[in-house]
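In order, the protein sequences belong to chains F and S.
Using our numbering, the letters of the first sequence correspond one by one to residues 1 to 577.
Using our numbering, the letters of the second sequence correspond one by one to residues 1 to 211.
In silico DSSO-like cross-links for lysine-lysine, where the CA-CA straight-line distance does not exceed 30 angstroms:
| hint | chain 1 | residue 1 | chain 2 | residue 2 |
| --- | --- | --- | --- | --- |
| 1 | F | Lys51 | S | Lys55 |
| 2 | F | Lys159 | F | Lys148 |
| 3 | F | Lys404 | S | Lys150 |
| 4 | F | Lys404 | S | Lys181 |
Take a look, some chain S residues computed to stay more than 12 angstroms from chain F by CB distance:
| hint | residue |
| --- | --- |
| 5 | Ala69 |
| 6 | Arg112 |
| 7 | Met120 |
| 8 | Lys128 |
| 9 | Asp132 |
The set of hints was computed from the structure by calculation and includes no laboratory data.
No residue lacks a Cβ here, since even glycine has one placed at the ideal position from N, Cα and C.
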Amino acid sequence: MSDLQIKKSTTTYDVVIVGSGAGGGMAGYVLANAGVKVLMLEAGAYFDPAKDSQQLKWPWESPRRGAGTTRPFGDFDAAYGGWELEGEPYTTKDKTEFFWFRSRMLGGRTNHWGRISLRMGPHDFKSRDGLTDDWPITYDDVKPYYDKVDRLIGVYGTKEGLENEPDGIFLPPPKPRLNELYIVQGAKKAGVKIIPGRGAVLTEALPGNKDRGACFFCGQCGRSCKIYGDFSASSCLVIPAIKTGNLKVITNAMVREVITNKEGLATGVSYVSKEDMQEYQVNAKTVILGASAGESARILLNSKSAEHPGGLANSSGVVGRYLHDSTGSSAGGFLPQLMDRKRYNEDGAGSVHIYSPWWLDNKKLDFPRGYHIEYGGGLHMPSYGFGSGIQNMNGMVPDRSGNKKEAGGYGASLKDDYRRFYGTQFGMAGRGTAIARYDNYCEIDPNVVDKYGIPVLRFHYKWADDEIKQAKHMQETFQEIMHNMGAIYGGPQGPETNYGLEAPGKIIHEVGTIRMGDDPKKSALNKWCQAHDCKNLFVVDAAPFVQQGDKNATWTILAMSMRTAEYILQERKKLNV
Amino acid sequence: MNRRDSLKALGLSTLSAGLLLEACKTDNKKAAEETAPATAEAEAGRQPFEVERDKKLNADKFFTAAEMATITLLTDIIIPKDEKSGSASDAKVPDFIEFIVKDIPDHQTPMRGGLRWLDMQCLNRFGKTFTDSSKAQQIELIDLIAYPNKAKPEMGQGVAFFNRMRDLTASGFFTSEIGVKDVGYAGNAPNKWTGVPVDILKHYGMENVSA
Numbered sequence: 001m002s003d004l005q006i007k008k009s010t011t012t013y014d015v016v017i018v019g020s021g022a023g024g025g026m027a028g029y030v031l032a033n034a035g036v037k038v039l040m041l042e043a044g045a046y047f048d049p050a051k052d053s054q055q056l057k058w059p060w061e062s063p064r065r066g067a068g069t070t071r072p073f074g075d076f077d078a079a080y081g082g083w084e085l086e087g088e089p090y091t092t093k094d095k096t097e098f099f100w101f102r103s104r105m106l107g108g109r110t111n112h113w114g115r116i117s118l119r120m121g122p123h124d125f126k127s128r129d130g131l132t133d134d135w136p137i138t139y140d141d142v143k144p145y146y147d148k149v150d151r152l153i154g155v156y157g158t159k160e161g162l163e164n165e166p167d168g169i170f171l172p173p174p175k176p177r178l179n180e181l182y183i184v185q186g187a188k189k190a191g192v193k194i195i196p197g198r199g200a201v202l203t204e205a206l207p208g209n210k211d212r213g214a215c216f217f218c219g220q221c222g223r224s225c226k227i228y229g230d231f232s233a234s235s236c237l238v239i240p241a242i243k244t245g246n247l248k249v250i251t252n253a254m255v256r257e258v259i260t261n262k263e264g265l266a267t268g269v270s271y272v273s274k275e276d277m278q279e280y281q282v283n284a285k286t287v288i289l290g291a292s293a294g295e296s297a298r299i300l301l302n303s304k305s306a307e308h309p310g311g312l313a314n315s316s317g318v319v320g321r322y323l324h325d326s327t328g329s330s331a332g333g334f335l336p337q338l339m340d341r342k343r344y345n346e347d348g349a350g351s352v353h354i355y356s357p358w359w360l361d362n363k364k365l366d367f368p369r370g371y372h373i374e375y376g377g378g379l380h381m382p383s384y385g386f387g388s389g390i391q392n393m394n395g396m397v398p399d400r401s402g403n404k405k406e407a408g409g410y411g412a413s414l415k416d417d418y419r420r421f422y423g424t425q426f427g428m429a430g431r432g433t434a435i436a437r438y439d440n441y442c443e444i445d446p447n448v449v450d451k452y453g454i455p456v457l458r459f460h461y462k463w464a465d466d467e468i469k470q471a472k473h474m475q476e477t478f479q480e481i482m483h484n485m486g487a488i489y490g491g492p493q494g495p496e497t498n499y500g501l502e503a504p505g506k507i508i509h510e511v512g513t514i515r516m517g518d519d520p521k522k523s524a525l526n527k528w529c530q531a532h533d534c535k536n537l538f539v540v541d542a543a544p545f546v547q548q549g550d551k552n553a554t555w556t557i558l559a560m561s562m563r564t565a566e567y568i569l570q571e572r573k574k575l576n577v
Numbered sequence: 001m002n003r004r005d006s007l008k009a010l011g012l013s014t015l016s017a018g019l020l021l022e023a024c025k026t027d028n029k030k031a032a033e034e035t036a037p038a039t040a041e042a043e044a045g046r047q048p049f050e051v052e053r054d055k056k057l058n059a060d061k062f063f064t065a066a067e068m069a070t071i072t073l074l075t076d077i078i079i080p081k082d083e084k085s086g087s088a089s090d091a092k093v094p095d096f097i098e099f100i101v102k103d104i105p106d107h108q109t110p111m112r113g114g115l116r117w118l119d120m121q122c123l124n125r126f127g128k129t130f131t132d133s134s135k136a137q138q139i140e141l142i143d144l145i146a147y148p149n150k151a152k153p154e155m156g157q158g159v160a161f162f163n164r165m166r167d168l169t170a171s172g173f174f175t176s177e178i179g180v181k182d183v184g185y186a187g188n189a190p191n192k193w194t195g196v197p198v199d200i201l202k203h204y205g206m207e208n209v210s211a
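Just need the whole structure built from these sequences, with the hints factored in.
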């Protein structure tokens, strides 16, 4: 290691952005298009869906037939990484649980997400129950940016006029698949509101955009789209920003910390290159973190100096605190009515075709806030796991001659069962609001570093009764819907599994670690996501979220990042940053 | 970008896309040939460690020749040739099983141990290994482990093994070209989704249901 030295760049960029996902990508897009010279650092590899997507491959083109051995969502899924990365550990404290999904690649986690694109509503920004802190901004402050994101990126949906589920500027939604029509019937009968899905997929050509193709309905958004028919931060934001000539991307650049000067202002960042394992420093007038709620908090906490002894932007001590992921619980079964169904191409779009926005009044419930339900089912492409557990299904329905069949089996009659059951299955998953709590947090582990020598995060996260009761309610709702559908399904998950409540981090909606607020003693960022303690430092991922609604975070990240980037442009004009 | 340009960007002319659609319905082999340009850059979008890992897995060997012979017999008992399609071994399911146990090592001990359990049962009953037993003897043994609800408790380990064999065989078969065609999957091709076809909506009485 004797020849190791820090290579300091002599160039000073207008802005350096850490991260190329929804937040970093949007900030880069806005700034580069405004003529600002931007350097973007991405901790993983370059990825262009046009070249790198596994779209339209057949299951036999994967030796593991699509199994998720190296990629949690399957061999064809676009996302590199997962909950475990070689050489990049994290730890947990007090026997609590947290699972941290990281996708080290251009576009970050926008590569695999379900493209479900929901706006947070007025009551998500300002609560009605007073249980959590309000955002320093309202829905009306963010609405113009949601509108602009809708126009820039494209989202399908329907105008419903729901109070806390604001409508957007929508492309037409895909129609439900056959199984989903049964779900619609079952949900309606149970009094559960159910409406067309809202997804970032171009069901029609996007007006004014010549670079992106319209969806051709392969249902494979998770693999990312070769014709840019869905939203990925790479295809829709970073690659177009590179084309302006104002944005430079350095990939495989793992950021250690933000460098500050004696005045406490940011002067740039340091990083280790994964390609040559050398150490670098780059200079910028403004630093933007969009590395993810976990990673941005980690960078700030690791950026200690005489001026910022508790870590950068952390005089309040809140950095890392209020970490919260969505709740999640799910169920599924099969529809005996659909045995032996006629085949046709039912791939549809790769985001949800239908969903249930939160429909109940909490006054009558024993838990706060709510959840939405995502649904799916149809004649999907077979992959690893096809037909598995058929012994739990084929004894429950009559055979072709109308006789009860012994469960399990083998031979020609079993082979026929796989055909008969194909396309009968469906699933539903609740995604709900978890309360942001001071005691759920990440911090720097005092004893552990990753393979680059960067101190790692240590998590402390516990679900409370609020979340567990919500999961219980989900399970009860699912049972009623499935019963109404005439489905065959298992019983509800009970207290032994916390009603199927997934461990924190498993829904990959973690937010809240660098919260916004008007009071610098209680928050790290002001209402523009600008650090109270360091005016040329901004955060544009989900870390600034004060309290997440039940809505998936991405659309709000995009709107908030655009808002912050436009604020930076104004402040640059005033020579404030 | 219009649809024609989109398809061009995918490396498909509108004509070949049409062929692709047809091919899906009639002959999956043809469809595979149509998508051949995509496989030419098979390493695109794969991380170097994944490429290396696959190479290593393919070079390694897990099952012995005797074990592979038993696996081949079992997969064909589970999914035999019928009037519609070939057998599990026609679809190279044993090769898939050899790969997947290396890929997902949790399968290794249950598979190796299950195969030995099966041989021991046959040796004790028939004085021969499973592969050397007669067809009737093989089926006699399989009947004891293929039906979880009526199997005797002392056959529990065999039931667990056969459930795993059945699952792996189904995975391997229905993700092969033969199996995808057999099950009638009609997608993975450019199209315009306009909802469930009208005749099918009618058949299920769903004409008036909408979200």
